[in-house]
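Protein chains: 2
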Amino acid sequence: MQSTIQRPRIVIVGCGFGGLEATRALRHAAVDITLLERTNHHLFQPLLYQVATAGLSAPAIAAPVRHLFRKQPNVTTLLGEVVTIEVAARQLLLADGLAIGYDHLIVAAGATHSYFGHDEWAPLAPGLKTLDDAFEIRRRILLAFEEAEKDSDPARRDAWLTFTVIGGGPTGVEMAGTLAEIARHTLSGEFRRIDPASAKILLIEGSARVLQAMPQDLSQRAIEQLTKLGVEVRVDSRVTAIDGDGLEVQGASGSYRIASRCVIWAAGVAASPLGAQLARGTGAPLDRAGRVQVEPDLSLAGHPEISVVGDLAAAMSHADGHDPRPVPGVSPAAKQMGRTAAANILRRLAGQPTLKFRYRDYGNLATIGRNAAVVDLVSPLGHFKFSGYFAWLFWLFAHIYFLIGFRNRLVVLMDWASAYWSKQRYARVVTDIEVPAPAPRP
Amino acid sequence: MQSTIQRPRIVIVGCGFGGLEATRALRHAAVDITLLERTNHHLFQPLLYQVATAGLSAPAIAAPVRHLFRKQPNVTTLLGEVVTIEVAARQLLLADGLAIGYDHLIVAAGATHSYFGHDEWAPLAPGLKTLDDAFEIRRRILLAFEEAEKDSDPARRDAWLTFTVIGGGPTGVEMAGTLAEIARHTLSGEFRRIDPASAKILLIEGSARVLQAMPQDLSQRAIEQLTKLGVEVRVDSRVTAIDGDGLEVQGASGSYRIASRCVIWAAGVAASPLGAQLARGTGAPLDRAGRVQVEPDLSLAGHPEISVVGDLAAAMSHADGHDPRPVPGVSPAAKQMGRTAAANILRRLAGQPTLKFRYRDYGNLATIGRNAAVVDLVSPLGHFKFSGYFAWLFWLFAHIYFLIGFRNRLVVLMDWASAYWSKQRYARVVTDIEVPAPAPRP
Numbered sequence: 498m499q500s501t502i503q504r505p506r507i508v509i510v511g512c513g514f515g516g517l518e519a520t521r522a523l524r525h526a527a528v529d530i531t532l533l534e535r536t537n538h539h540l541f542q543p544l545l546y547q548v549a550t551a552g553l554s555a556p557a558i559a560a561p562v563r564h565l566f567r568k569q570p571n572v573t574t575l576l577g578e579v580v581t582i583e584v585a586a587r588q589l590l591l592a593d594g595l596a597i598g599y600d601h602l603i604v605a606a607g608a609t610h611s612y613f614g615h616d617e618w619a620p621l622a623p624g625l626k627t628l629d630d631a632f633e634i635r636r637r638i639l640l641a642f643e644e645a646e647k648d649s650d651p652a653r654r655d656a657w658l659t660f661t662v663i664g665g666g667p668t669g670v671e672m673a674g675t676l677a678e679i680a681r682h683t684l685s686g687e688f689r690r691i692d693p694a695s696a697k698i699l700l701i702e703g704s705a706r707v708l709q710a711m712p713q714d715l716s717q718r719a720i721e722q723l724t725k726l727g728v729e730v731r732v733d734s735r736v737t738a739i740d741g742d743g744l745e746v747q748g749a750s751g752s753y754r755i756a757s758r759c760v761i762w763a764a765g766v767a768a769s770p771l772g773a774q775l776a777r778g779t780g781a782p783l784d785r786a787g788r789v790q791v792e793p794d795l796s797l798a799g800h801p802e803i804s805v806v807g808d809l810a811a812a813m814s815h816a817d818g819h820d821p822r823p824v825p826g827v828s829p830a831a832k833q834m835g836r837t838a839a840a841n842i843l844r845r846l847a848g849q850p851t852l853k854f855r856y857r858d859y860g861n862l863a864t865i866g867r868n869a870a871v872v873d874l875v876s877p878l879g880h881f882k883f884s885g886y887f888a889w890l891f892w893l894f895a896h897i898y899f900l901i902g903f904r905n906r907l908v909v910l911m912d913w914a915s916a917y918w919s920k921q922r923y924a925r926v927v928t929d930i931e932v933p934a935p936a937p938r939p
Numbered sequence: 498m499q500s501t502i503q504r505p506r507i508v509i510v511g512c513g514f515g516g517l518e519a520t521r522a523l524r525h526a527a528v529d530i531t532l533l534e535r536t537n538h539h540l541f542q543p544l545l546y547q548v549a550t551a552g553l554s555a556p557a558i559a560a561p562v563r564h565l566f567r568k569q570p571n572v573t574t575l576l577g578e579v580v581t582i583e584v585a586a587r588q589l590l591l592a593d594g595l596a597i598g599y600d601h602l603i604v605a606a607g608a609t610h611s612y613f614g615h616d617e618w619a620p621l622a623p624g625l626k627t628l629d630d631a632f633e634i635r636r637r638i639l640l641a642f643e644e645a646e647k648d649s650d651p652a653r654r655d656a657w658l659t660f661t662v663i664g665g666g667p668t669g670v671e672m673a674g675t676l677a678e679i680a681r682h683t684l685s686g687e688f689r690r691i692d693p694a695s696a697k698i699l700l701i702e703g704s705a706r707v708l709q710a711m712p713q714d715l716s717q718r719a720i721e722q723l724t725k726l727g728v729e730v731r732v733d734s735r736v737t738a739i740d741g742d743g744l745e746v747q748g749a750s751g752s753y754r755i756a757s758r759c760v761i762w763a764a765g766v767a768a769s770p771l772g773a774q775l776a777r778g779t780g781a782p783l784d785r786a787g788r789v790q791v792e793p794d795l796s797l798a799g800h801p802e803i804s805v806v807g808d809l810a811a812a813m814s815h816a817d818g819h820d821p822r823p824v825p826g827v828s829p830a831a832k833q834m835g836r837t838a839a840a841n842i843l844r845r846l847a848g849q850p851t852l853k854f855r856y857r858d859y860g861n862l863a864t865i866g867r868n869a870a871v872v873d874l875v876s877p878l879g880h881f882k883f884s885g886y887f888a889w890l891f892w893l894f895a896h897i898y899f900l901i902g903f904r905n906r907l908v909v910l911m912d913w914a915s916a917y918w919s920k921q922r923y924a925r926v927v928t929d930i931e932v933p934a935p936a937p938r939p
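One line per chain: the protein sequences are A and B, in this order. In this text, residue positions in the first sequence follow my numbering: the first is 498, and each later residue adds one. In this text, residue positions in the second sequence follow my numbering: the first is 498, and each later residue adds one.
These aren't lab readings, by the way, just hints derived from the structure by calculation. A portion of the hints provided could be inaccurate.
These stretches of chain A come out as covered by chain B in the derived footprint (C-beta under 8 Å, 3 or more residues) [as the list claims (entries may be wrong)]: (1) 552-564; (2) 573-582; (3) 688-696.
In silico DSS-like pairs for lysine-lysine, Cα to Cα no more than 25 Å straight-line [said to hold, decoys possible]: (4) B/Lys647 x A/Lys568; (5) A/Lys882 x A/Lys725; (6) A/Lys725 x A/Lys697; (7) A/Lys647 x B/Lys568; (8) B/Lys725 x B/Lys882.
Backbone N, C-alpha and C fix where the C-beta goes; we use that ideal spot for every residue, glycine too.
With the sequences and hints as input, model every part of the structure.
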């Protein structure tokens, strides 16, 4: 009687960029993959701010995971949230109690918001990581204008028409620039008692410049473009308190208060709680953001059967010719890590030595708003830095190119084309009009 | 010193079809209109089932109200929910405390679900009236397949793969037919442990036929098309109990239980609670569904300054040559009532006699699913009844024609074209995977 040899069981947690690429990379392998995702979709996060600002509908940037992998027979997609990683038993426990055993595990669970120890700010200043976040931010933005239209008290009206974005990274810059677009263009002529163009948009950044991952001159260009769009950028400004009516800021010249009923958090990320699980189970160290420190080949020390990729990993890039460099928490890095982790699993299965991870940095791009972006491009042809209208076009096409799915690309292209010409935004849906109540002042 | 004469204040409650058309009809009038809507959008309800079945995104069928009326200077749009109608004082109170005075009032607040006295069924069997309803139904449909994929117990799996739609009107028929499409086509090949095509789709109807507003032969045609699509239609079947695991049905041959984890309610509507407000304030009678009985010119007896239109009104259609006929609760009727009520306000302002409302019935149409629909068309050229593929094309183009907004029309046309060719549905987004817990059996 022949014994049936079970194929190696690979479990991949998370279908963000890291998990997606790892799963794809294993498509021809004689393995059984279980892909676990706690929403039913892969989210194209770079465009999430567009859903948050009512410029795109959610389905344009969210692809159902099991649809993406329908033609890959060695993948079983399951919808569920991992709550426990049992390292010794080599199994995961889901929230509904289901146990999933593995021979090899890739944890690509990503990151969430960090409020720097002030978790009480979370309901007051939503961040932008998931579609639910985007819906909530969208709701608050649209409601703020609606409430201003109804309120005859000038001070309260001003607070409704003051929008504060905390954090000068790409997400914050994109949100602030788009808020300015909404106030100055999209809502033009639609109100009778307020002038939406009179809205104040503030971008608060703790360090000395915005877009810290970019070269200094592009940071400066971004500030110029933001200012031209009508955003007030305040660097060297730290938020010390947030309540339902506004926030307290510590700036260069002292402390002051901003009355603002719509505050958006784009200032800090923290790794998924699964990082702490892995640290407990394997002894792997965590960095300050809770990310798991991985070996050069992305596995955990002493546990070659577990790899961590994407925003959950604190990884280094190894190449001849330079010292190991930290890998940034950006989408291209997550994708490359996913591919490397998958390739290394196959190498282990074949008894071959694993590869050290090498991050190929193609550069950085961030949009600021209508006709404005900054691009820092690293290519075999050289290093290009540009900004303004041409950078904005480049940004548009790059994002459409990287979107998953032909139909999504067509939809987004059409949405943007029509939005550009008409200065309109087409996903302005609010279903719940209960306004966030102002919290009692501490 | 000249005294400023204030223009007549017209307040319109609700921006469904009735409120929308009434507001439009007053666009050239020297009046000040306040349009109150408790969401920020006008909803194209005939296509709401498409959002519920993940075929269209919400923004495709929802147009922001203040955007629709930006070019009508005599309209001020306010987002708010009316909680009290103070008839003697001629003012409305909103949920946030704002008071809005009126000289003339059109209440177009529509209808909600009726569970025939069993409000406890509401969380177990969601209905389909608002976008939030559609999101919830979509969530439960997609989750049901996901849970079935994870559950190895055959009985529980069967319950997850049994979908029950209660109510054989157009909404129920459309939902059931589309559920069959999802199970047989959309999800094909996407699961590894279940065969989604094995899902059971049940349509439960209390009376002897579906689509009661249609001629008998078209009802029969609809049942045939549903059956061909794989829906099991059970007429003469009344629901007697719903719990989280399934429902009890009283049929011709006795009582029996259906184990079904996804139950959708499409069986009854009840008028908005504002109907009861008006009855209390004016003495106007309500019918069994809570709709307000109106005079031939759509105003309330003894209160010519108040009109009620749309699903909230129990109105009669008056024309020479036939007795007054009840006006059905359909979109074209709401639109016509809105226009008539607005015209009558202008007549009253001009001291002219008002018009009796006359409903022009152009017929009825209902889609069943892919390539299948029934159309009952009344036109000056004659009365046409047809079904099948051609009826389905007609249905598609009629709905696109009546959609508000060119861009929405283009989006929906594209979505449907690509969905048809690929048999895919593109709005399959689930963000909250908490499954509705089975309720304890009573």
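- Item | Coverage of the stretch 688-696 of chain A by chain B, judged on three or more residues with CB within 8 Å | holds (count 3)
- Query: Are there three or more residues in the stretch 573-582 of chain A whose C-beta lies closer than 8 Å to some C-beta of chain B?
  - Reply: Held - the stretch 573-582 of chain A has 6 residues with a Cβ nearer than 8 Å to chain B, which meets the minimum of three.
- Task: Mind checking the alpha carbons of A/Lys725 and A/Lys697 for me, to see if they're no more than 25 Å apart?
- Result: Cα-Cα ~13 Å, so holds.
- Message: Between the stretch 552-564 of chain A and chain B, are there enough contacts, at least three residues with CB-CB distance under 8 Å, for the coverage claim to hold?
- Response: Since three or more residues must qualify, the claim that chain B covers the stretch 552-564 of chain A holds, with 8 doing so at under 8 Å.
- Item | Hint consistency between A/Lys647 and B/Lys568 [alpha-carbon to alpha-carbon, up to 25 Å] | holds, 20 Å
- Message: Between the alpha carbons of B/Lys725 and B/Lys882, is the straight-line distance 25 Å or under?
- Response: holds, 20 Å
- Given the hint that B/Lys647 pairs with A/Lys568, test it: the Cα-Cα distance must not exceed 25 Å. holds, 19 Å
- Hey, A/Lys882 versus A/Lys725, does the alpha-carbon distance stay inside 25 Å? Given that 25 Å is the threshold and the Cα spacing comes to 20 Å, the pair holds.
Of the hints listed earlier, there is not a single one the structure fails to meet.
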